[in-house]
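There are 2 protein chains.
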Amino acid sequence: MNSMLDPNYIAGFVDGEGCFSVTVTKRNKRIPEVRLLFEIELEDSDEKILHRIAKRLDCGRIYRVTYRKYPHWSSHFKLKVGNFKDIDEKVIPFFKRHPLQAKKKFQFERFCRVADLIREKRHLTVEGVEEILRIRKFT
Amino acid sequence: MNSMLDPNYIAGFVDGEGCFSVTVTKRNKRIPEVRLLFEIELEDSDEKILHRIAKRLDCGRIYRVTYRKYPHWSSHFKLKVGNFKDIDEKVIPFFKRHPLQAKKKFQFERFCRVADLIREKRHLTVEGVEEILRIRKFT
Numbered sequence: 005m006n007s008m009l010d011p012n013y014i015a016g017f018v019d020g021e022g023c024f025s026v027t028v029t030k031r032n033k034r035i036p037e038v039r040l041l042f043e044i045e046l047e048d049s050d051e052k053i054l055h056r057i058a059k060r061l062d063c064g065r066i067y068r069v070t071y072r073k074y075p076h077w078s079s080h081f082k083l084k085v086g087n088f089k090d091i092d093e094k095v096i097p098f099f100k101r102h103p104l105q106a107k108k109k110f111q112f113e114r115f116c117r118v119a120d121l122i123r124e125k126r127h128l129t130v131e132g133v134e135e136i137l138r139i140r141k142f143t
Numbered sequence: 005m006n007s008m009l010d011p012n013y014i015a016g017f018v019d020g021e022g023c024f025s026v027t028v029t030k031r032n033k034r035i036p037e038v039r040l041l042f043e044i045e046l047e048d049s050d051e052k053i054l055h056r057i058a059k060r061l062d063c064g065r066i067y068r069v070t071y072r073k074y075p076h077w078s079s080h081f082k083l084k085v086g087n088f089k090d091i092d093e094k095v096i097p098f099f100k101r102h103p104l105q106a107k108k109k110f111q112f113e114r115f116c117r118v119a120d121l122i123r124e125k126r127h128l129t130v131e132g133v134e135e136i137l138r139i140r141k142f143t
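Going line by line, the protein sequences match chains A and B.
Numbering follows this note's numbering, in which position 51 of the first sequence is assigned residue number 55; successive positions increment by one, without gaps.
Numbering follows this note's numbering, in which position 60 of the second sequence is assigned residue number 64; successive positions increment by one, without gaps.
Quick caveat, the hints were computed from the structure, so don't treat them as lab data.
Take these hints with a grain of salt, some might be off.
You can't tell identical chains apart in this list, so a pair holds if it fits in one copy or across any two.
Computed list of lysine to aspartate or glutamate pairs in EDC-like fashion (alpha-carbon distance at most 20 Å, straight line) [what the hints assert, rightly or not]:
| # | residue 1 | residue 2 |
| --- | --- | --- |
| 1 | K109 | D48 |
| 2 | K94 | E131 |
| 3 | K52 | E131 |
| 4 | K107 | E43 |
| 5 | K109 | E131 |
| 6 | K108 | E45 |
Go ahead and model the full structure; you've got the sequences and the hints to work with.
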């Protein structure tokens, strides 16, 4: 039961439950900070599958999430990959080899376009960030 | 892009988005009616993946679902298999060959136990229905 997950299983699971996001944070600097984040958030009872997915992707950390505003909610677990090197060298190649098939496919395509810009350091320029914001708008 | 879906992809997708349910409906008869239902419900923009899953499973109908109570919600699409023969000969063998790995695995195991009872016509007896209700309680 705890053998390595089939990569196509992971593609299917992530198409339903995963999230590829682009965050743009204004700090007290001229250029906002751009980050990519791959996440899967699940209810408490499903923590184990997150560990198995992290193992297969060979990256990511697992966190327990509690919602202070909604203490009656059961706690959730989140698999999070925020490190650009891991995203670029592990997450993106994985989902290029084992393609998403549903709505997340378009989210992932935009995610990859932003990763291309980050790889070229264009997110450190005003024009690059503007382009990233345009790409993100259609997420 | 519209090639046949990999069965492990479907297992992953269903582990996140699918539902295996047992309904027990009291009518004006001594024995309540027991039915099995396999469903996937998704937002409007994801209709296509449901057709591809139905094609791979070789059963199921796709419905548009609108919520009268919540007219501002976008409409949803549902893949539904309620026919026992299809469940018994197509859905159950499919997920036995390509096992679920997360929470839905337990839901599916109970679903299979009820299917065994229906196959033996035990759902047409008071004792059988009581057993089904006990199995369902832990869903």
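Check the structure against each numbered hint from earlier and tell me which ones fail, lowest number first.
The structure breaks hints 2, 3, 5; every other hint is satisfied.
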